[in-house]
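Chains as they are written, first to last, in the working numbering: chain A, 1 to 106; chain B, 1001 to 1529; chain C, 2001 to 2106.
Treat each hint with caution, since some may be false.
Pairs of lysine-lysine residues, derived as DSS-like cross-links and limited to a Cα-Cα distance of at most 27 angstroms, are as follows [what the hints assert, rightly or not]:
#1 B:K1326 to B:K1075
#2 C:K2103 to B:K1093
#3 B:K1499 to A:K14
#4 C:K2079 to B:K1345
#5 C:K2032 to B:K1231
#6 C:K2032 to B:K1264
#7 B:K1211 to A:K52
#8 A:K53 to C:K2050
#9 A:K52 to C:K2050
#10 B:K1238 to B:K1369
#11 B:K1523 to B:K1151
#12 B:K1348 to B:K1264
#13 B:K1211 to A:K53
#14 B:K1345 to B:K1264
#15 C:K2032 to B:K1238
#16 B:K1499 to B:K1054
#17 C:K2103 to B:K1231
#18 B:K1211 to C:K2032
#19 C:K2103 to B:K1003
#20 B:K1369 to B:K1151
Every beta carbon over 10 angstroms from chain C, so not counted as near; a handful from chain A, in silico [claimed, not checked]:
#21 P7
#22 L9
#23 E13
#24 R16
#25 R25
#26 E26
#27 T51
#28 R57
#29 D68
#30 N78
#31 E87
#32 S100
#33 R101
Hints in this document: simulated from the structure, not taken from any laboratory.
The structure displayed is predicted, hence computed values, not measured ones.
All C-beta atoms in this analysis are idealised placements derived from N, C-alpha and C, irrespective of residue type, glycine included.
One letter stands for each residue in the lines below.
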Amino acid sequence: MRIEQHPILDTFEKGRQVRFTYDGRELTGYEGEPIAEALHAAGVMVHRYTTKKHEPRGMFCAIGRCTDCVMIVNGKSNIRTCITPLEEGMVVETQYGNSSREDAQK
Amino acid sequence: MIKHYDLIVVGAGPAGLSAAIKAANCGMHVIVFDENQRPGGQLFKQIHKFFGSKEHKAKIRGIRIGEELLAEAEKAGVEVSLNSIVLGLYNLKGVSVMRNNQVEHFRGENVIIATGASENVVPFEGWTTPGVIGAGAAQTMMNLHGVMPGKRILMVGTGNVGLVVSFQLLQAGCEVAAVIDAAPRVGGYGVHAAKVARTGVPFYLSHTVVKAEGGDHVTGVTIAEVDSHFKPIPGTEKHFDVDTVCMAVGLSPMSQLTRMAGCKMIDNGGAVPEKNEYGETSIPGVFVAGDVAGIEEASSAMITGRIAALGAAGRSGFISDAEFTKQYEACVNSLNQLRQGMFCKANKGRTDILTTDEGYPLSMSLLTKGYMTEEELAKFTNLNAHQTGVHPVIECTQNIPCNPCQEACKFGCISVGTNITNLPGVVAESKCTGCGMCVANCPGQAIFLVNEDTGDGFATITLPYEFLPTPQAGEKGTALNRSGAAVCEAEVVSVRTNKSFDHTMLLTIKVPKAYAAEARFYKPEKEGK
Amino acid sequence: MKDYLDRTFDLGPYVPEEDDDLIICRCEEITKGEIRQAVHEGMFTMTEVKRYLRTGMGLCQGQTCGRLVKNIVQNELNKKISAEAENTARAPMRPIPMDVYGKEAE
Chain A
1 MRIEQHPILD TFEKGRQVRF TYDGRELTGY EGEPIAEALH AAGVMVHRYT
51 TKKHEPRGMF CAIGRCTDCV MIVNGKSNIR TCITPLEEGM VVETQYGNSS
101 REDAQK
Chain B
1001 MIKHYDLIVV GAGPAGLSAA IKAANCGMHV IVFDENQRPG GQLFKQIHKF
1051 FGSKEHKAKI RGIRIGEELL AEAEKAGVEV SLNSIVLGLY NLKGVSVMRN
1101 NQVEHFRGEN VIIATGASEN VVPFEGWTTP GVIGAGAAQT MMNLHGVMPG
1151 KRILMVGTGN VGLVVSFQLL QAGCEVAAVI DAAPRVGGYG VHAAKVARTG
1201 VPFYLSHTVV KAEGGDHVTG VTIAEVDSHF KPIPGTEKHF DVDTVCMAVG
1251 LSPMSQLTRM AGCKMIDNGG AVPEKNEYGE TSIPGVFVAG DVAGIEEASS
1301 AMITGRIAAL GAAGRSGFIS DAEFTKQYEA CVNSLNQLRQ GMFCKANKGR
1351 TDILTTDEGY PLSMSLLTKG YMTEEELAKF TNLNAHQTGV HPVIECTQNI
1401 PCNPCQEACK FGCISVGTNI TNLPGVVAES KCTGCGMCVA NCPGQAIFLV
1451 NEDTGDGFAT ITLPYEFLPT PQAGEKGTAL NRSGAAVCEA EVVSVRTNKS
1501 FDHTMLLTIK VPKAYAAEAR FYKPEKEGK
Chain C
2001 MKDYLDRTFD LGPYVPEEDD DLIICRCEEI TKGEIRQAVH EGMFTMTEVK
2051 RYLRTGMGLC QGQTCGRLVK NIVQNELNKK ISAEAENTAR APMRPIPMDV
2101 YGKEAE
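Using the sequences and the hints given, assemble the complete structure.
Take a look at the structure:
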């Protein structure tokens, strides 16, 4: 959920609205903001499932250190979505282990 | 090709920027590398007003201090290279940096490592579930990106970070179910705890998280009381429906670059390089400043940054011995003012402090529940002179380095003294005009203007208010006491705003005079955002 | 204080604890019990535990678990590991794609 009005911060500098896909679903966000923030605002909590125990992980540190938020972005795995700026038309997918679901099932 | 600089600074937070500005002003050719998109380190997440004194930028919000630093850096001609990840620090003061999708090499005559600290974590069952986040993550989401971390949060940790972030969560429109800490005492400033407690958030000291529940994301959390070995006591479990668990359990210096370069390391709340009084490590020309040298505050970081820059400038001949000594001593004086009082490093973790420096008994309720009782407050005879008419009431009962209240009052009503760690005192003979500058300027939001009897059976209280929706004159709501319990009906008399208050509203409410000493917060009738 | 390289140090038998299945290294999904057991199997230093179990070798390179692993190993050994006995810090300090690592600027 986005903060519409804040008692101390007058504005949140945002770029223009852009469209991107998350696991095939179309979502909107602001150009330049971290992908993870756009996902969080849209209610997405799970970014990936772990390799060994297939457990869900999401944003933890939000500053690019813990690597729990990594997803497949435009086909590349292990992209830290909390520090990667959103671009128009980005294809964002849930990561399973190190790859997309199709690869994991093979 | 290796590019040479007189000084390379790693980290564009308060320490790094302050160091770079000082060095540039001494004539050094400086570059600052920062891995982030924006400079300022943690400063731009700190939307609260800082403590200290004028020279430490007290009563100014962290975000404004960040903006000032950036402007100063630009004016001094400091080169700040963002999105630049320092990959390694080599022992001849060489630095390799990844930027613009390639690797570049630099060498500094001097290097200042100001990489700050990273958040600690405390594992518990379910801690890997999405929805369990660090306190810094909550700040990043809400203060930098305008996204609510969650709807209802449990905060773990009552150090300053936990308390400050809890308040910021409330300001962002989130609910805070509770603040807990395994320790028996609140670790941060009492005034930070009081701000949170008076909104109704309960504190559970000597409690730990047992389990965070939820499959794909957090749906609830169970906490339990702990014994003297910090083990949960069966039968004391309490459950909260929350969607977020926030961890504020301390910081550790990010000193990997100095370890890599071969600096001699010691333990100071984490591995830190051994350093001399100018921040120079065992490798000549490699300095550390800010949290990476030892966890303190942003105010201290700015000073240790300047000291390291002076060290580098002195080492490389950019400053005369006389000028160096003069500036260095000024920095040390400023730093020592901050390193005093019950929260200073030397006193960290002590549970045996029972009185203030002046001999007043510390409020145990404040330390264990986050709010003071009236009886405890009454013992601080210096904080309320009970004059007729409007007069200040200062609920600041711990020795912390801070004095904006003294500077705020143009009529001499408040006195702290030369030692800024002193408790403030209300000057009984003074004449309060009710201007409210003290209320607006107190970084701890601990000052109230009270008229105990307006003559019609009522009392008025002017309190600092930083929430939305903005109350309207004439509206009715509820007055809450220090523990956040509703005590009586309150009518809004006025809401004053002023550019110099920087978003702190002065809210004046009218309550039945019997509640003049109790009413300390206002809750609007309709729960709006 | 004993020399931490004293391999004859008797740890006593391994005593299972209630929270042995708590995940400590989030990236590699290694539990507290696995770390404690590794110490009993002769891994007395941070580096040995790391090489044996991969704690600190995942994407975040020990940024999150480092302090936790150190505490667990210390507790199991019942002594203090000095700051010198941390995992060796090496370049690169952050994840870097191979094709960028090889791209030296002019």
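Evaluated hints:
1. B:K1326 to B:K1075: 23 angstroms, holds
2. C:K2103 to B:K1093: 22 angstroms, holds
3. B:K1499 to A:K14: 25 angstroms, holds
4. C:K2079 to B:K1345: Status holds; Cα separation ~25 angstroms.
5. C:K2032 to B:K1231: 16 angstroms, holds
6. C:K2032 to B:K1264: 30 angstroms, violated
7. B:K1211 to A:K52: 22 angstroms, holds
8. A:K53 to C:K2050: 20 angstroms, holds
9. A:K52 to C:K2050: Distance ~18 angstroms between A:K52 and C:K2050 Cα, so the pair holds.
10. B:K1238 to B:K1369: 16 angstroms, holds
11. B:K1523 to B:K1151: 19 angstroms, holds
12. B:K1348 to B:K1264: 25 angstroms, holds
13. B:K1211 to A:K53: 19 angstroms, holds
14. B:K1345 to B:K1264: 22 angstroms, holds
15. C:K2032 to B:K1238: Satisfied, since the Cα-Cα distance of roughly 25 angstroms is no more than 27 angstroms.
16. B:K1499 to B:K1054: 18 angstroms, holds
17. C:K2103 to B:K1231: Cα-Cα ~52 angstroms, so violated.
18. B:K1211 to C:K2032: 16 angstroms, holds
19. C:K2103 to B:K1003: Holds - the C-alpha atoms of B:K1003 and C:K2103 are around 17 angstroms apart, at most 27 angstroms.
20. B:K1369 to B:K1151: The hint holds at about 24 angstroms.
21. P7: With a cut-off of 10 angstroms, A:P7 remains clear of chain C, as the shortest Cβ separation is near 33 angstroms.
22. L9: With a cut-off of 10 angstroms, A:L9 remains clear of chain C, as the shortest Cβ separation is near 29 angstroms.
23. E13: Since the minimum Cβ distance to chain C is about 25 angstroms, A:E13 lies beyond 10 angstroms and the statement holds.
24. R16: A:R16 is indeed farther than 10 angstroms from all Cβ atoms of chain C, at 28 angstroms.
25. R25: 26 angstroms, holds
26. E26: A:E26 is indeed farther than 10 angstroms from all Cβ atoms of chain C, at 28 angstroms.
27. T51: 7 angstroms, violated
28. R57: 8 angstroms, violated
29. D68: Check fails; 6 angstroms does not lie beyond 10 angstroms.
30. N78: At about 6 angstroms from chain C, A:N78 fails to clear the 10 angstroms cut-off, so the statement is violated.
31. E87: Correct as stated: the minimum Cβ-Cβ distance to chain C is 18 angstroms, above 10 angstroms.
32. S100: Per Cβ check, A:S100 is outside 10 angstroms of chain C; nearest 17 angstroms; holds.
33. R101: Per Cβ check, A:R101 is outside 10 angstroms of chain C; nearest 19 angstroms; holds.
In summary, the structure is inconsistent with hints 6, 17, 27, 28, 29, 30 from the numbered list given earlier, while agreeing with the others.
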